[in-house]
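Visitor: Okay, here's what each chain looks like letter by letter:
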Amino acid sequence: MSNKEWPLYEVFIRSKSGLSHRHAGSIHAADDQMALDHARDTYTRRSEGVSIWVVRSSQIVASDPAESAAFFEPAEDKIYRHPTFYEIPEGVENL
Amino acid sequence: MNKNDALLAYALRLGDNALILGQRMVELVAAYPELEEELANANFALDYIGQARMFYAYAGELEGKGRDEDDLALLRDENEYRNLLLIEQPNGHFGDSIAKLVLFEAFYLRQLEELVHCADKRIAEIAARAEKEIRYHLRHNTQWLIRLGDGTEESHARAQEAVDNLWRFTGEMFAADEVDNVFENEFDGPDLYRIREQWRETVAAVLEEATLAMPEDAWMASGGKAGRHSEHLGYMIAEMQYLQRAHPGASW
Amino acid sequence: MYTQGLDQKDKSAPKREQLETPEQLEAFQARIDAEEKIEAKDWMPEAYRRTLIRQISQHAHSEIIGMQPEGNWLTRAPTLKRKAILLAKIQDEAGHGLYLYSAGETLGVSRDQMVAGLLSGKAKYSSIFNYPTLTWADIGAIGWLVDGAAIMNQIPLCRCSYGPYARAMVRICKEESFHQRQGFDILRVLCAGTAGQKAMAQDALNRWWWPSLMMFGPNDADSKHSAQSMAWKIKRFSNDELRQKFVDVTVPQAEFLGLQVPDDDLVFDQESGHYRFGEIDWQEFIEVIKGNGPCNRQRLGKRRKAHDDGEWVREAARAYGEKQAAKAAA
Chain A
418 MSNKEWPLYE VFIRSKSGLS HRHAGSIHAA DDQMALDHAR DTYTRRSEGV SIWVVRSSQI
478 VASDPAESAA FFEPAEDKIY RHPTFYEIPE GVENL
Chain B
34 MNKNDALLAY ALRLGDNALI LGQRMVELVA AYPELEEELA NANFALDYIG QARMFYAYAG
94 ELEGKGRDED DLALLRDENE YRNLLLIEQP NGHFGDSIAK LVLFEAFYLR QLEELVHCAD
154 KRIAEIAARA EKEIRYHLRH NTQWLIRLGD GTEESHARAQ EAVDNLWRFT GEMFAADEVD
214 NVFENEFDGP DLYRIREQWR ETVAAVLEEA TLAMPEDAWM ASGGKAGRHS EHLGYMIAEM
274 QYLQRAHPGA SW
Chain C
52 MYTQGLDQKD KSAPKREQLE TPEQLEAFQA RIDAEEKIEA KDWMPEAYRR TLIRQISQHA
112 HSEIIGMQPE GNWLTRAPTL KRKAILLAKI QDEAGHGLYL YSAGETLGVS RDQMVAGLLS
172 GKAKYSSIFN YPTLTWADIG AIGWLVDGAA IMNQIPLCRC SYGPYARAMV RICKEESFHQ
232 RQGFDILRVL CAGTAGQKAM AQDALNRWWW PSLMMFGPND ADSKHSAQSM AWKIKRFSND
292 ELRQKFVDVT VPQAEFLGLQ VPDDDLVFDQ ESGHYRFGEI DWQEFIEVIK GNGPCNRQRL
352 GKRRKAHDDG EWVREAARAY GEKQAAKAAA
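Chains as they are written, first to last, in the working numbering: chain A, 418 to 512; chain B, 34 to 285; chain C, 52 to 381.
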């Protein structure tokens, strides 16, 4: 008899319409439907959500913190992507 | 039986079913097979206790003798409770609890669906709220019965035994008595004959998916709706009422 | 607190630790000092990881075992409203155990492994839950004193250096805000009730006061491993600091209730602005931690039974889930 625990799922909750789903935590479940039920009963006891996603934790592909310098720092010197980089002349509106 | 007596009796029955089942579930706290199921079942028990409170509060108003939800829940004698025998059966193992919940909730959900459209506004309002809760319970518990039935050899055998053992208590749900009949006629209440047909369809489909056999209808136990209970109820009520009985008139 | 056993020394000396360079340790400490949060996949010293696993799992076990003393009065709650409130609170404890196990799992240990530690008696949980709940007033005392003491410890944990633990604690603290109040409310009503009810409340305070003070763990002088936990910002206040704070806020509440704190040495010190209180019976504390409290065997026995009784159910769900997955793949 196999004696291993139910797979781990990550839970994402949309707290109200118009907002993105946000990571709430994780739960264990033996199948996908059970995972949804467990997410509901664990993470929306105080009406915290209107929509739930669950995904097997083993299915998540994550970036490696050891490579975070190569991964994220190149974006830091591209400040021209941000609107505050640009100077708006006095008197120009609606820009 | 006049219209008002039937309405009061009907509200009390709904309250008693919800309370006694909720109390049975409360007995299982800290003993569920997995932490997540602990949370699920606490939600379900809270739903039942909440429903009991609403039905009792209304029954107390209908009665007009100043009794509140706790007087009705905790200070009546055993033979004044009118819950179904099915509800008061001891918990047994997890499969027994799941089978009990599926058999009852497949009935209760239909009952609530009809009560939403009954002629008594308060009952209809409470039913509308309860219906949403029970729809989710039934789905959750049905899936569990399917998992147990179609899980391992051991779980299949246990689930089948549980269904077989409880089957004799299912007839009482549909055996209309005077309260049911007056409530149906005067308040456009549930048609138990029709509910029975729907219930059989639902339960047959669940059992089939769970690879479980549907028991033959044989002798059916009854008495709960008339206040004639099994021995089990007395102990449960003694425990539940202990503080109210030991400290008469105290506030909590 | 819920993690009193932490003050014991970690005896295992794993090999991974020997591979850690002073530069790595220094860089790690610099991140901690800069109040950066450490996340699951970040590099961390092995000792930091093991300390957290121990603390988080002890905390989780405490939540789970803590359901039992309160559950003892669930079937006998005096009103339906009190029954619902108590059930919601116990449910929160199950949820908090679950959040904490999840936080522990981010450190590379499974829930099964953590639970196995509890069931074997190897892992500890808070000593307080080895005391019996003998009357309904004990439910009030647990909410007021035990949750009150727990909150003292848990609020600083929301700023703990380990991100997943800190986030779990934020959620827990938010949800627990009603727990202490419901306990105080139970006692407030009892104290305003019949003579019998008031005596029940006093008796509960008599029995729960000292064990509540023990929840904060040994005196600072005897708590050798606190220093490292403080440096790592897993712990932010010392045991004695938190205990003093608890006494200072709780004594006036007892006075409000008209209850007598069972300590002849208790006196308010004008100069320091703090209450001075009597010596804790540390022998009792040690015995309870060692397994000789009134309910240690009972609590663990019940947990083991629930776990064993549930095995066929968990197994059935696994088997069904695997069948479904196979069907979907076919």
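Think of the hints as simulated: they come from the structure by calculation, not from any bench.
Check before you lean on any hint, since a few could be wrong.
Unchecked claim - Coverage of chain A stretches by chain B, computed from C-beta distances (three or more under 8 Å per stretch; other residues unrestricted):
#, region
1, 430-438
2, 483-496
Said to hold, decoys possible - Once the Cα atoms are required to be at most 20 Å apart in a straight line, the calculated EDC-like pairs of lysine to aspartate or glutamate come out as:
#, chain 1, residue 1, chain 2, residue 2
3, C, 92, A, 507
4, C, 374, B, 242
5, C, 356, B, 211
6, C, 378, B, 211
7, C, 92, A, 481
8, C, 92, A, 427
9, A, 421, B, 187
10, C, 88, A, 481
11, A, 421, C, 366
12, C, 356, B, 60
13, C, 132, B, 94
14, C, 92, A, 490
15, C, 378, B, 60
16, C, 353, B, 60
17, B, 36, B, 211
18, A, 421, C, 163
19, A, 421, C, 360
20, C, 378, B, 183
21, C, 132, B, 211
22, C, 88, A, 484
23, C, 356, A, 422
From the three backbone atoms N, C-alpha and C, an ideal C-beta is built for every residue, glycine too.
Visitor: Each hint: holds or not?
Guide: Hint-by-hint comparison with the structure:
1. Look at the region 430-438 of chain A against chain B: 0 of its residues bring a Cβ nearer than 8 Å to a Cβ of that chain, fewer than three, so the hint is violated.
2. Remark: the region 483-496 of chain A is not confirmed as covered by chain B, as 0 of its residues place a Cβ nearer than 8 Å to a Cβ of that chain, below the required three.
3. A distance of roughly 48 Å separates the Cα atoms of residue 92 of chain C and residue 507 of chain A; the hinted pair therefore is violated under the 20 Å criterion.
4. Distance restraint check for residue 374 of chain C and residue 242 of chain B: the Cα-Cα separation of roughly 13 Å lies within the 20 Å cut-off, and the hinted pair is therefore satisfied.
5. Proximity of residue 356 of chain C to residue 211 of chain B is assessed by CA-CA distance (about 45 Å); at most 20 Å being required, the pair is judged violated.
6. Distance restraint check for residue 378 of chain C and residue 211 of chain B: the Cα-Cα separation of roughly 50 Å exceeds the 20 Å cut-off, and the hinted pair is therefore not satisfied.
7. Proximity of residue 92 of chain C to residue 481 of chain A is assessed by CA-CA distance (about 7 Å); at most 20 Å being required, the pair is judged to hold.
8. Of the supplied pair hints, the one linking residue 92 of chain C and residue 427 of chain A holds, its CA atoms being roughly 16 Å apart against a limit of 20 Å.
9. Between residue 421 of chain A and residue 187 of chain B the alpha-carbon distance is near 17 Å, which keeps this suggested pair within the 20 Å criterion.
10. With a C-alpha separation of about 16 Å, the suggested pairing of residue 88 of chain C with residue 481 of chain A holds against the 20 Å cut-off.
11. Under the criterion of a C-alpha separation no larger than 20 Å, the hint pairing residue 421 of chain A with residue 366 of chain C is consistent with the structure, at around 9 Å.
12. Between residue 356 of chain C and residue 60 of chain B the CA atoms are separated by roughly 15 Å; this keeps the pair inside 20 Å, and the hint holds.
13. Our distance criterion of 20 Å between C-alpha atoms is met by residue 132 of chain C and residue 94 of chain B, whose separation comes to about 18 Å.
14. Proximity of residue 92 of chain C to residue 490 of chain A is assessed by CA-CA distance (about 18 Å); at most 20 Å being required, the pair is judged to hold.
15. For the suggested pair residue 378 of chain C and residue 60 of chain B, the alpha carbons sit about 37 Å apart, so the restraint of at most 20 Å is broken.
16. For the hint linking residue 353 of chain C to residue 60 of chain B, the alpha-carbon distance of about 13 Å falls within 20 Å, and the restraint holds.
17. For the hint linking residue 36 of chain B to residue 211 of chain B, the alpha-carbon distance of about 11 Å falls within 20 Å, and the restraint holds.
18. Under the criterion of a C-alpha separation no larger than 20 Å, the hint pairing residue 421 of chain A with residue 163 of chain C is consistent with the structure, at around 8 Å.
19. Taken as a hint, the residue 421 of chain A and residue 360 of chain C pair is honoured in the structure, with Cα atoms around 16 Å apart against an allowance of 20 Å.
20. Under the criterion of a C-alpha separation no larger than 20 Å, the hint pairing residue 378 of chain C with residue 183 of chain B is consistent with the structure, at around 13 Å.
21. Distance restraint check for residue 132 of chain C and residue 211 of chain B: the Cα-Cα separation of roughly 32 Å exceeds the 20 Å cut-off, and the hinted pair is therefore not satisfied.
22. Of the pairs offered as hints, the one joining residue 88 of chain C and residue 484 of chain A holds, with about 18 Å between alpha carbons and a cut-off of 20 Å not exceeded.
23. For the suggested pair residue 356 of chain C and residue 422 of chain A, the alpha carbons sit about 18 Å apart, so the restraint of at most 20 Å is met.
Consistency with the previously given hints fails for numbers 1, 2, 3, 5, 6, 15 and 21, ordered from lowest to highest.
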